[in-house]
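Chemist: The residues making up each chain are set out below.
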Amino acid sequence: MTEALAIVRNVSHRFGDAFVLRDVSVEVLAGSYTVLLGPSGSGKTTLLSILGGFITPSEGQVVIAGEDCTFVPPAQRPTTTVFQDYALFPHMSVLANVAFGLKMRKIERKTRHARALDMLGLVGLDQAARKRPHELSGGQRQRVALARALVVEPKVLLLDEPLGALDLKLRRQMQDELKAIQKRVGTAFVHVTHDQEEAMALADQVVVMNEGRIVDGGAPEQVYARPRSRFSAGFMGESTIFRGKIIEANDERLLVMTPLGKLTAHGAAKAGDEIELAIRPENMKLQGNREAWLHLGRAKVTDVIFQGGFKRVIAVSDSMPPVQMILRVPSQEGIRIKEHVDLYCRPVDLVLLSE
Amino acid sequence: MRRAAPALVWAYAILLYGFIFLPVIMLVLFSFQATMFPVPPFTGPSLRWYETVLGDERLMSSLVNSLILAAITSIIAVVLGFLAAYGLARFRMPGGAFLRSLITAPLTVSYLIIGMGLNILFNQLAMPKSLIAAGVGHVVINLPLCFAIIYSQMGEHHVAIERAARDLGAKDWQVLAYITAPMLWPALFASFFLSMTFSWDEFVIAFLLTRFETTLPVEIWNLLRSGLTPKTNAIGSVVFAVSVILVLILELVVLRRRTP
Numbered sequence: 001m002t003e004a005l006a007i008v009r010n011v012s013h014r015f016g017d018a019f020v021l022r023d024v025s026v027e028v029l030a031g032s033y034t035v036l037l038g039p040s041g042s043g044k045t046t047l048l049s050i051l052g053g054f055i056t057p058s059e060g061q062v063v064i065a066g067e068d069c070t071f072v073p074p075a076q077r078p079t080t081t082v083f084q085d086y087a088l089f090p091h092m093s094v095l096a097n098v099a100f101g102l103k104m105r106k107i108e109r110k111t112r113h114a115r116a117l118d119m120l121g122l123v124g125l126d127q128a129a130r131k132r133p134h135e136l137s138g139g140q141r142q143r144v145a146l147a148r149a150l151v152v153e154p155k156v157l158l159l160d161e162p163l164g165a166l167d168l169k170l171r172r173q174m175q176d177e178l179k180a181i182q183k184r185v186g187t188a189f190v191h192v193t194h195d196q197e198e199a200m201a202l203a204d205q206v207v208v209m210n211e212g213r214i215v216d217g218g219a220p221e222q223v224y225a226r227p228r229s230r231f232s233a234g235f236m237g238e239s240t241i242f243r244g245k246i247i248e249a250n251d252e253r254l255l256v257m258t259p260l261g262k263l264t265a266h267g268a269a270k271a272g273d274e275i276e277l278a279i280r281p282e283n284m285k286l287q288g289n290r291e292a293w294l295h296l297g298r299a300k301v302t303d304v305i306f307q308g309g310f311k312r313v314i315a316v317s318d319s320m321p322p323v324q325m326i327l328r329v330p331s332q333e334g335i336r337i338k339e340h341v342d343l344y345c346r347p348v349d350l351v352l353l354s355e
Numbered sequence: 001m002r003r004a005a006p007a008l009v010w011a012y013a014i015l016l017y018g019f020i021f022l023p024v025i026m027l028v029l030f031s032f033q034a035t036m037f038p039v040p041p042f043t044g045p046s047l048r049w050y051e052t053v054l055g056d057e058r059l060m061s062s063l064v065n066s067l068i069l070a071a072i073t074s075i076i077a078v079v080l081g082f083l084a085a086y087g088l089a090r091f092r093m094p095g096g097a098f099l100r101s102l103i104t105a106p107l108t109v110s111y112l113i114i115g116m117g118l119n120i121l122f123n124q125l126a127m128p129k130s131l132i133a134a135g136v137g138h139v140v141i142n143l144p145l146c147f148a149i150i151y152s153q154m155g156e157h158h159v160a161i162e163r164a165a166r167d168l169g170a171k172d173w174q175v176l177a178y179i180t181a182p183m184l185w186p187a188l189f190a191s192f193f194l195s196m197t198f199s200w201d202e203f204v205i206a207f208l209l210t211r212f213e214t215t216l217p218v219e220i221w222n223l224l225r226s227g228l229t230p231k232t233n234a235i236g237s238v239v240f241a242v243s244v245i246l247v248l249i250l251e252l253v254v255l256r257r258r259t260p
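Residue numbers (the numbering used here), protein chains in the order written: chain A, 1 to 355; chain B, 1 to 260.
A couple of the hints might just be wrong.
To be verified - Restricting the straight-line Cα-Cα distance to at most 25 angstroms, the calculated cross-link-like pairs of lysine-lysine (DSS-like) are: (1) A:103 / B:171; (2) A:155 / B:171; (3) A:311 / A:338; (4) A:300 / A:311; (5) B:171 / A:106; (6) A:155 / A:131; (7) B:171 / A:110.
Hints are computed from structural coordinates only; laboratory data are not their basis.
The whole structure should be built from the sequences, with the hints applied where relevant.
Modeler: So, in structure tokens, the structure goes:
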């Protein structure tokens, strides 16, 4: 069992009387890419600031590389941060910006310039070394900030919404580059974002946060396929979510009474529990084998949105109470508004939300 | 009426600028007078009075005194103003707003009051009148100005940049020296030169607080007591020229170079 590189243990934080973090624990493995995902106000940036040393938590402990860093100031932590607005030094050249951390570590001029140039090469900006930050585009500034933070060889690199200021196309491109750079340098990255696509594309481990708590976590595939909470089922991708009551529980095989009929599901629950179930849109079909698939009843199509490779269909079930169903169908499917359709899914795709 | 309007505007402008600049023009013009009295008719141009000025040791040494005093007190005022501005802008403390208004308060107090106050204080302390005493007075009048200028330029966005420097391992003094001060360079420069110009032609405090060695304005006042000659015009023109140079440097280096 390898010890995690950075450990946040039972951290809570208050601003005045208001809790921004409640009993949060996260482990970051060496060389991994961790994404803290959540809407604004979820506490993800506060958690990052606690890792970086800009905020001392009200309760709990931060251990980085085996040392208790809870009260250690940012300068003395083996972490560096790429700030949301980059915070480049406007009066210095790009090279001097990148070399700054090395200068503070009293590394001799020649060596630090050589290392800064190497790092600029890694982010593809060695040609711009003599320029000033204001002469660069947003994407280039982002890379300078990345190079400046990486050149001092931190154990953990913290990125605070690093792509937030870029337009969508550039964001996707930088996203791929970030991942490639992380693989090359092998530093553990902790990245804050509210963009779930970004999170899924980048993360080895995603930590979903809401209202100061961690509501889900794990590999993005796992969080997507088996969300633990209603929040992550709705925030990381979308889902059809409905309530149900367990009528029979037999060794994790459940029979659930729902507005869509009696359905079988898997999960840890006992008879009598009120629970919620979720289905991902791509797992809901218009046809299904009646034997092996679950019939989710009939529904009336209320909206069809063409999205290129597929159509996103919103429908309302005929059941009482009605359930809003979201599904994806192939683009060539001739589905129309007001049409009535039968809906199906496989039992394994019916996810029990435990929180 | 339409045609009259520009004419009226021009006439008004000429009167206004004439009102402002005529005394200076007269001063400079009659400094080139060839005869003994700075009154019309103009008998120049001649540089004889400038020669007299340059040959006057008392005047020249007081001119050097004034320049040195202005430079040193301005540096002190800028450094103190910068540190005060940094402290009050970056750290929240009880009564911060009060301290801020207290530090700028001397801007509203007349130089006469400040000079008299310091005079009484130095008397109590048995400290003789000297250029150093006048220097203290100049720091007192220029510090609030430097503080106000520098404080107004300490933007919130600088906070994030300073935090980034700290994150990269900079100590507090390194943040100040490598990040904060260079980013505020235009404000530091502007306050230095403004402070120079104020100190350069300040009379009342220097008059009250110096005795044997004194500054140029006080020396000119001594000269004026013995009557008007074109010599006073010549030294007055020198004072004016130095002020113009200071303002030009300020304009060219700071105001034109301001990045958008």
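Chemist: Is it true that the CA of residue 311 (chain A) sits at most 25 angstroms from the CA of residue 338 (chain A)?
Modeler: Distance of about 15 angstroms is within 25 angstroms: holds.
Chemist: Within a Cα-Cα threshold of 25 angstroms, do residue 171 (chain B) and residue 106 (chain A) meet the stated pairing?
Modeler: holds (12 angstroms)
Chemist: When you check the alpha-carbon spacing of residue 300 (chain A) and residue 311 (chain A), does it fall within 25 angstroms?
Modeler: holds (16 angstroms)
Chemist: Would the hint linking residue 155 (chain A) and residue 171 (chain B) be met if the CA-CA limit is 25 angstroms?
Modeler: holds (20 angstroms)
Chemist: Below or equal to 25 angstroms on CA atoms is what counts here, so check residue 103 (chain A) against residue 171 (chain B).
Modeler: holds (12 angstroms)
Chemist: Keeping to a limit of 25 angstroms between CA atoms, is the pair of residue 155 (chain A) and residue 131 (chain A) held or broken?
Modeler: violated (29 angstroms)
Chemist: Taking 25 angstroms as the top limit, are the C-alpha atoms of residue 171 (chain B) and residue 110 (chain A) close enough?
Modeler: holds (22 angstroms)
Violated hint: 6 only; the structure is consistent with all others.
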